[in-house]
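Colleague: Could you put together the complete structure from these sequences and hints?
If you use this note's numbering, the sequence shown corresponds to residues 1 to 597, in order.
No incorrect hints appear here.
Subject to a maximum C-alpha distance of 25 Å in a straight line, what follows is the list of computed DMTMM-like cross-link-like pairs (lysine to aspartate or glutamate): (1) Lys398 - Glu462; (2) Lys398 - Glu411; (3) Lys168 - Asp69; (4) Lys469 - Asp302; (5) Lys168 - Asp158; (6) Lys398 - Asp302; (7) Lys494 - Asp283; (8) Lys469 - Glu411.
Hints were generated in silico from the structure; no laboratory data involved.
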Amino acid sequence: MSTAILTGQPVPGSSIEGDLRSLGFDVRTASDAAETETLLAQVPGDQRVAVVDAAFVGHLHALRLGLTDPRFPLAAIPGAVTAQPAGRQALTRAMARENSAGGGTALAVDHLADRVVAALDADDAGVHHPELGSLVAVVPADPQARNEARQAVAAVDDEAVRLKSAVKSRDGFFTTYCISPYSRYIARWCARRGLTPNQVTTASLITALIAAACAATGTRGGFVAAGVLLIASFVLDCTDGQLARYSLQYSTLGAWLDATFDRAKEYAYYAGLALGAARGGDDVWALALGAMVLQTCRHVVDFSFNEANHDATANTSPTAALSDKLDSVGWTVWVRRMIVLPIGERWAMIAVLTALTTPRITFYALLIGCAFAATYTTAGRVLRSLTRKAQRTDRAAKALADLADSGPLVELWTRGVPGKAHSLAPLNALFGGALLAVTAVVVGPSWSLVAAAGLYVVLAGESVNHPLKGALDWLIPPFFRAAEYGTVLILAAKADVNGALPAAFGLVAAVAYHHYDTVYRIRGNAGASPAWLVRAIGGHEGRTLLVTVLAVLLTASQFTVALTVLAVAVALVVLFESIRFWVSSGAPAVHDEGEPA
1 MSTAILTGQP
11 VPGSSIEGDL
21 RSLGFDVRTA
31 SDAAETETLL
41 AQVPGDQRVA
51 VVDAAFVGHL
61 HALRLGLTDP
71 RFPLAAIPGA
81 VTAQPAGRQA
91 LTRAMARENS
101 AGGGTALAVD
111 HLADRVVAAL
121 DADDAGVHHP
131 ELGSLVAVVP
141 ADPQARNEAR
151 QAVAAVDDEA
161 VRLKSAVKSR
171 DGFFTTYCIS
181 PYSRYIARWC
191 ARRGLTPNQV
201 TTASLITALI
211 AAACAATGTR
221 GGFVAAGVLL
231 IASFVLDCTD
241 GQLARYSLQY
251 STLGAWLDAT
261 FDRAKEYAYY
271 AGLALGAARG
281 GDDVWALALG
291 AMVLQTCRHV
301 VDFSFNEANH
311 DATANTSPTA
321 ALSDKLDSVG
331 WTVWVRRMIV
341 LPIGERWAMI
351 AVLTALTTPR
361 ITFYALLIGC
371 AFAATYTTAG
381 RVLRSLTRKA
391 QRTDRAAKAL
401 ADLADSGPLV
411 ELWTRGVPGK
421 AHSLAPLNAL
431 FGGALLAVTA
441 VVVGPSWSLV
451 AAAGLYVVLA
461 GESVNHPLKG
471 ALDWLIPPFF
481 RAAEYGTVLI
491 LAAKADVNGA
501 LPAAFGLVAA
511 VAYHHYDTVY
521 RIRGNAGASP
531 AWLVRAIGGH
541 EGRTLLVTVL
551 AVLLTASQFT
561 VALTVLAVAV
571 ALVVLFESIR
581 FWVSSGAPAV
591 HDEGEPA
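Modeller: Have a look at this one:
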């Protein structure tokens, strides 16, 4: 139970007490600052507490935004302040100072909450001030101001604002115009029936898995059903986030589910399409794995660039200025959002092509579309990086190093070889990965390939043997991802036996999950995956070298078994650690907005 302390003289006809009770607060009243401090001390330390002015006038949703969001230890709106257990100490100190300043007498306590917020802000306590927009939240100074405030409340539809704010402000064209106009009402329907975002997320996953199973039948009816169900899954995928924003239901478990299930759904659907094509005599596993590799590398480019630049100083460039100018023109905004093929447009394309064409055509279109989108976005980011004179922070360099996923072999190299910053670091990563891929394509499994993998380890060590603060150092993690995933794909295709490519698909999926998990930990300010985990699964360079050695020493059939065993082992280890973390109290209680829908 949460507790709200109403301060000051009650106002006849005020609905504030009822509003607070409807939000789940046990309401107590205090006439002055001293009594407020006493009641505050009586509230158990593991409960949320709010201090609200009895003269408050405003929308119920303004109170909800200000007092019930679980993501922030301290939050405030005009006339009200709240603290979760993590923020109680700061609130108690601020309240004690206010009481001491007032001498324990009933001095102008009608604005006590605002004075406490001012004290918290002065202490840099990290008080969250939600954007209220057209919602009203005021403490009127006289009866006339109160009447005007009440008229302002009546003039704004609280529920309409709540529904609108449930939708992300930056979404793709397909989601904005084809999904959100009705999915927000599904979110409200779910909220009124007590459903949670986690339940909706799980329903979306189950729907997508059923879609994948339908695609795996290899029949035209199955493909049509798969396309319809994939769209239904996406509707639910939009609904869960809208439900979380509508009802402010954020949780650590929800953060994990929301962050990982999108990738699980999409890649499981790729596997379903490949199985369905195989039933019809068409082997498209290489295309399915290629699509997963390309899509994952696209995401790593996004993650690395954003982490490298989100807190950089002097973060401007002519390219960025041009981009901002284009975003001020309505039609260019939608064109630019669509050509990067965000999840909404991508899933719609996959669903339609599945229903009307074949898996091979679907994968060809997906690969072409994603390749164009990757070229467009990466080229633009490279231009921005070369033309801006940003100073990257230590935090950004640490995030890039964590995203690199360097294992024990790179650690040994960096300990033994002095490192210094240089502009060739991204080129080292690119050259090492390209040499490895070309060798795998040209000569296949051979000791020359193992030698190329050894050189890749050395160049990978050189790439990260300095703080990653260079203009293009954010390209290093995606180069590593492309090298590792691409090597597995090429060697599995070279094996040319049944089961090799599906086994490779499973291995890349397990490793990609680990990389996505690292990203979401960093975004939640919870740090990267623990060092023991990275060492246990070898780091990107260790896994790459191991796969090349296995390809040389084993027969094609044995290599397939080895890939399967490696995939299962990596999946078990990373899933165990991921689940342990995301259900722990240290996980961030936020829903990552991630890729625009």
